[in-house]
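Engineer: Going down the list, the sequences are from chains A and B.
The numbering of the first sequence is our numbering, which starts it at 93 and goes up by one.
The numbering of the second sequence is our numbering, which starts it at 12 and goes up by one.
Treat the hints with caution; some may be incorrect.
Some residues of chain A that are not near chain B, with every Cβ distance over 12 Å (derived) [claimed, not checked]: (1) I104; (2) R107; (3) S114; (4) F137; (5) G176.
Sample of chain B residues lacking proximity to chain A, with all beta carbon distances greater than 12 Å (derived) [stated by the list, open to error]: (6) P19; (7) I31; (8) K69; (9) E70; (10) G71; (11) T74; (12) H87; (13) D90; (14) G94; (15) A115; (16) P123.
With a Cα cut of at most 27 Å, we get these calculated DSSO-like pairs of lysine-lysine [claimed, not checked]: (17) K53/B - K69/B; (18) K149/A - K105/A; (19) K26/B - K79/B; (20) K53/B - K149/A; (21) K149/A - K16/B; (22) K122/B - K26/B; (23) K82/B - K69/B; (24) K105/A - K53/B; (25) K79/B - K68/B.
These are calculated hints, taken from the structure and not from any lab test.
Keep in mind it's a predicted model, so treat the numbers as computed, not measured.
We treat Cβ as the ideally placed atom computed from N, Cα and C, and that holds for glycine.
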Amino acid sequence: KAGVTQTPRYLIKTRGQQVTLSCSPISGHRSVSWYQQTPGQGLQFLFEYFSETQRNKGNFPGRFSGRQFSNSRSEMNVSTLELGDSALYLCASSLEGAGETQYFGPGTRLLVL
Amino acid sequence: QQQVKQSPQSLIVQKGGISIINCAYENTAFDYFPWYQQFPGKGPALLIAIRPDVSEKKEGRFTISFNKSAKQFSLHIMDSQPGDSATYFCAAIAYNNNDMRFGAGTRLTVKP
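With the rest of the complex left out, here is chain A (with noise of 0.2 Å):
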């Protein structure tokens, strides 16, 4: 089976810009979390999706969307982009929840500048 893929694997991108990643689960797993990683702060849950629904949310403000489609493939948005939302964005599936065993993509390493 194939690992989770996520897209791009690197992005430079100017402040007040916006950015959409992609994030393809194992096949047959219908849970996508995302996640923000960053030296200082580590790793921080932004949102779980689940059958094309949100489920879930951690602490973010309202720039920080996403979203999943029928296939269970992801996308995750950030509006206006800010200097301290340089961090490496990890993509995880599991079979039906971020209660599970999650299984990472390589994540997209985004800077801004």
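Please build the complex by placing chain B on the supplied structure of chain A, with the hints as guidance.
Structural biologist: The following block gives chain B in isolation, referenced to the frame of chain A:
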């Protein structure tokens, strides 16, 4: 609200030595405890996991020890190798609550 505390933040071990990373949790609803290994530029990868009905689980050089009463669990890496140099994250999962929390991570360096 961090519910899983991980220590140490960084660890340096000589090749062949034992690496020990500790985690403590607060919420007794957690019922599954995986460890993840992350190399630079990669996403975390599941390494080993344990359920609270056992006190120890061993897979090759990696062992999880679990103390339910103390709400603590630890990862032991025996005969540590330079290739084990990575960041290790513990996690705690509550299936019924669909909740997963990560520790802050431990950067392990194994010196040759």
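Engineer: Under the criterion that the straight-line Cα-Cα distance not exceed 27 Å, is the pair K53/B, K149/A satisfied?
Structural biologist: Between K53/B and K149/A the Cα gap is close to 24 Å, so the pair holds against 27 Å.
Engineer: Is it correct that the beta-carbon of G94/B has no partner in chain A closer than or equal to 12 Å?
Structural biologist: About 19 Å separates G94/B from the closest Cβ of chain A, which puts it past 12 Å; holds.
Engineer: Report holds if the minimum CB distance from S114/A to chain B is greater than 12 Å, and violated otherwise.
Structural biologist: holds (15 Å)
Engineer: Taking 27 Å as the top limit, are the C-alpha atoms of K53/B and K69/B close enough?
Structural biologist: holds (25 Å)
Engineer: Can the restraint linking K82/B and K69/B be considered satisfied, given a maximum Cα separation of 27 Å?
Structural biologist: holds (19 Å)
Engineer: Compare the distance between the alpha carbons of K26/B and K79/B with 27 Å, and conclude whether the hinted pair is satisfied.
Structural biologist: Violated, because 31 Å separates the two Cα atoms, which is more than 27 Å.
Engineer: Using Cβ atoms and 12 Å as the threshold, tell me whether G71/B really stays out of contact range of chain A.
Structural biologist: holds (18 Å)
Engineer: Decide, holds or violated, for the assertion that all CB atoms of chain A are farther than 12 Å from the CB of E70/B.
Structural biologist: Non-interface label on E70/B holds, nearest chain A Cβ at 14 Å vs cutoff 12 Å.
Engineer: For I104/A, is the shortest CB-to-CB distance to chain B above 12 Å, so the non-interface label stands?
Structural biologist: holds (16 Å)
Engineer: CA of K149/A to CA of K16/B, is that 27 Å or under?
Structural biologist: holds (21 Å)
Engineer: Is the Cβ of P123/B more than 12 Å away from each Cβ in chain A?
Structural biologist: P123/B clear of chain A: closest Cβ-Cβ about 25 Å, beyond 12 Å.
Engineer: Take a quick look at T74/B and tell me if its Cβ sits farther than 12 Å from every Cβ on chain A, holds or violated.
Structural biologist: holds (18 Å)
Checked against the numbered hints given earlier, this structure breaks hints 4, 15 and 19; the rest are met.
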